[in-house]
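There are 2 protein chains.
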Amino acid sequence: MFKVNDNYLKLPGSYLFSTIGRKVREYKESNPDKEVISLGIGDVTQPLAPSIIKSIHEATDEMADGQTFKGYAPDLGYEFLRSAISINDYKSRGVDIALDEIFVSDGAKSDSGNIQEIFSVDNKIAVCDPVYPVYIDANAMAGRTGDFNADTSLWSNVIYMPCTAENGFAPELPSETPDIIYLCFPNNPTGATISKDQLQKWVDYANSVKAVIIYDAAYEAYISEANIAHTIYECEGAKTCAIELKSFSKNAGFTGTRLGYTVIPKELKDENGVMLNSLWARRHGTKFNGAPYIIQRAGEAVYSEAGKRETKAQIDYYMNNAKIIRDGLADIGYTVFGGVNAPYIWLKTPEGVSSWQFFDLLLDRASVVGTPGCGFGPSGEGYFRLTAFGTTENTIKALGRIKNI
Amino acid sequence: MFKVNDNYLKLPGSYLFSTIGRKVREYKESNPDKEVISLGIGDVTQPLAPSIIKSIHEATDEMADGQTFKGYAPDLGYEFLRSAISINDYKSRGVDIALDEIFVSDGAKSDSGNIQEIFSVDNKIAVCDPVYPVYIDANAMAGRTGDFNADTSLWSNVIYMPCTAENGFAPELPSETPDIIYLCFPNNPTGATISKDQLQKWVDYANSVKAVIIYDAAYEAYISEANIAHTIYECEGAKTCAIELKSFSKNAGFTGTRLGYTVIPKELKDENGVMLNSLWARRHGTKFNGAPYIIQRAGEAVYSEAGKRETKAQIDYYMNNAKIIRDGLADIGYTVFGGVNAPYIWLKTPEGVSSWQFFDLLLDRASVVGTPGCGFGPSGEGYFRLTAFGTTENTIKALGRIKNI
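From first to last, the protein sequence lines are chains A and B. With numbering that gives the first Met the number 0 as the guide, the letters of the first sequence map in order to residues 0 to 404. With numbering that gives the first Met the number 0 as the guide, the letters of the second sequence map in order to residues 0 to 404.
Possibly wrong hints are sitting among the right ones.
Which copy? The list can't say, so a pair holds if one copy fits it or any two copies do.
Straight-line C-alpha distance at most 30 Å; calculated DSSO-like pairs for lysine-lysine [claimed, not checked]: (1) K90 / K265; (2) K200 / K347; (3) K268 / K322; (4) K265 / K22; (5) K200 / K2; (6) K268 / K22; (7) K265 / K9; (8) K123 / K9; (9) K265 / K53; (10) K33 / K347; (11) K238 / K268; (12) K322 / K9.
Since the hints were derived computationally from the structure, they do not count as laboratory data.
Please put together the full structure from these sequences, using the hints given.
Written as structure tokens, this is what we have:
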């Protein structure tokens, strides 16, 4: 008789964004005349840049011709893309990453969910609180997180590193030693980041306790200030302790186009000399069959001169929205964070108003969708996330409505 | 100190097709003047059909316009695609599959590797021998298969169901009761299939012992004979015991385009009433973020009238190749199987020649790449797989060379 994976049954409720989606659907059904503006899910709104579109069309035409048609892709991804990544995302920052240290995927969500598989179930993870839910949920599904306490919203076997206004949303080194540390900077959901020196301390710590840092750099393109690492490998010693996850979703608008990559340096080995690179290569080759050829060509176009210029303009566009939200909320008395090196604004909800109450308030009174901070972890309670990924027109309109609540 | 997933270290050598790829690369480097013809990996060669190309171009143009741009897809896949699947692959065969029982993915390889995650580690799996390696490897990575014995090439905790010429490559009901049964018909690698009545026996058996059948129907489009089920749900009672995996790779040439889907009926529940559909929905929503919009549109085009006509012509083209291989090999005295309801020809290697020896022989003397039967399991020893997915020109050329060995 078959038995299900009981770990799934421990997961609380449904996935945060599914819950939000349901609430919004219900609101729309009850209020068909209201125009809902979403500053909730971190989904982009600007169309794919012209050079990317051109590249997709060209690759599609290749797929139409037997002479240029492409079947199964190389396990790690096409070399043209891995080469562009190595040169533009690493060599340009003084970091050497070999082509076989780069694994092209269908996106950072898949990678951040799947990467835990190459680790033993009895590793203990440390996560920021609040945190992108996938890190914990994927580990919970694997049986690595103990039991969920509905009262505290905490898992019994996870090391939580609170990130609040009090510590500037920068986690402190945990008192209990973790085996795997998830870090995301610029941060989703808080929009905060840490300096390169602060990140170096994490790298030194991980090396000293032989922990692995899973570094989610999905929002790297939004860094506007100096002294912030664009890749963790700018820190000395990171190659022996860090895996880096990157996405094309936020720097090039690929949320519906799906492309990402993971870097695992060959220096990263366990105590017996087993390379994590080899384990991930095995997983990649066995349980995945590559991103579509035309999408990998789209990714390559992001690194062309025109692609860089065009996607930079989109980032500027979103960061202008971030400024509109940040300044607009501050003007009417909200305490706001983020929005400088990240497309997220993290605001404190008014005194006595919980995150979900603020969600309902915003939806009911302004038809604006945001994300309750508590959905990212208990330390997110009393906070609320708004994204800069809307259109400027809608962002201005949403702020106008929020001012009139 | 972090610890790796030890189960990965139990995996023998590297993935079959990676090994073949290495051997072929080495051969090409040593023989730069030789034209190698691959009838090895099951990769298609015909370009995407015109109506599919047209659909990709149109969807790409949608992605270029803010008004029609698509970000994150719905968790289960776009309704236009799930609706086309439900109507064309199920309703047309008298089977009702609801839209929320269909999960669109980036391909059947990912699904066949990932589906085991929703089951407890202590389930025992049964597989055909020979078998598509992903089923076993994915379970081995999860720790479900015991230990690998290099002498026998068998895992200690797997129920193997030998499929050989003696039983017509149709597995017999296992004497030990499994929890999860992997079946693939038309079969990769043997090219064999079983009748609808035979499949009904498996469904009845699974229901009686409360096992789940994971039914890989990736080659369904190649069925040419009557009395063969195009979906397992044609069998009575299948909805309470079977998960079906489907691919666009082989019916529409999507090996490099990446699209597939999994069906999990809501009737399929464990002893406590837990729906596998809900668990897979949770995994899909947490660790995956959808196939690209433009690829889902490409999938929809497969079901258009033109798409059906064009992809049918491609299947006819490949099946003509299958006939060329099958008849050609039989003419020169080989014992051949498959190639009637599947694009694979499964041949017996000459007396005293092992599968890998035949691989080397074919590569060295004919510059033709095939797949050693033993790569699919010990009962595949003494067999060899050739695929019909080459061009007809190359297929004829390859057969000519094989005749002259």
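Structure-based check of each hint:
1. For the homomeric pair K90 and K265, the shortest alpha-carbon distance inside one copy (17 Å) is at most 30 Å, but the shortest distance between copies (50 Å) is not.
2. Only within a single protomer do K200 and K347 lie at most 30 Å apart by alpha-carbon distance; the minimum there is 28 Å, versus 62 Å between protomers.
3. Proximity of K268 to K322 under the C-alpha cut-off of 30 Å is found in neither arrangement, the shortest distances being 43 Å within a copy and 50 Å between copies.
4. Taking the shortest Cα distances, K265 and K22 sit within 30 Å of each other only across copies (24 Å), while inside one copy they are farther apart (45 Å).
5. For the homomeric pair K200 and K2, the shortest alpha-carbon distance between copies (22 Å) is at most 30 Å, but the shortest distance inside one copy (44 Å) is not.
6. When the C-alpha separation of K268 and K22 is checked against a cutoff of 30 Å, the pair qualifies only between copies, where the shortest distance is 28 Å, while the shortest distance within a copy is 45 Å.
7. For the homomeric pair K265 and K9, the shortest alpha-carbon distance between copies (20 Å) is at most 30 Å, but the shortest distance inside one copy (35 Å) is not.
8. In the homo-oligomer, the alpha carbons of K123 and K9 lie at most 30 Å apart both inside one protomer (17 Å) and across protomers (23 Å), since each shortest distance falls under that limit.
9. Taking identical chains as interchangeable, the C-alpha atoms of K265 and K53 are never at most 30 Å apart, the minima being 35 Å within one chain and 42 Å between chains.
10. Within a single copy, K33 and K347 get their C-alpha atoms as close as 26 Å, which meets the 30 Å cut-off; across copies the closest is 69 Å, which misses it.
11. Only within a single protomer do K238 and K268 lie at most 30 Å apart by alpha-carbon distance; the minimum there is 10 Å, versus 45 Å between protomers.
12. Neither within a single protomer nor between protomers do K322 and K9 lie at most 30 Å apart by alpha-carbon distance, with minima of 40 Å and 53 Å respectively.
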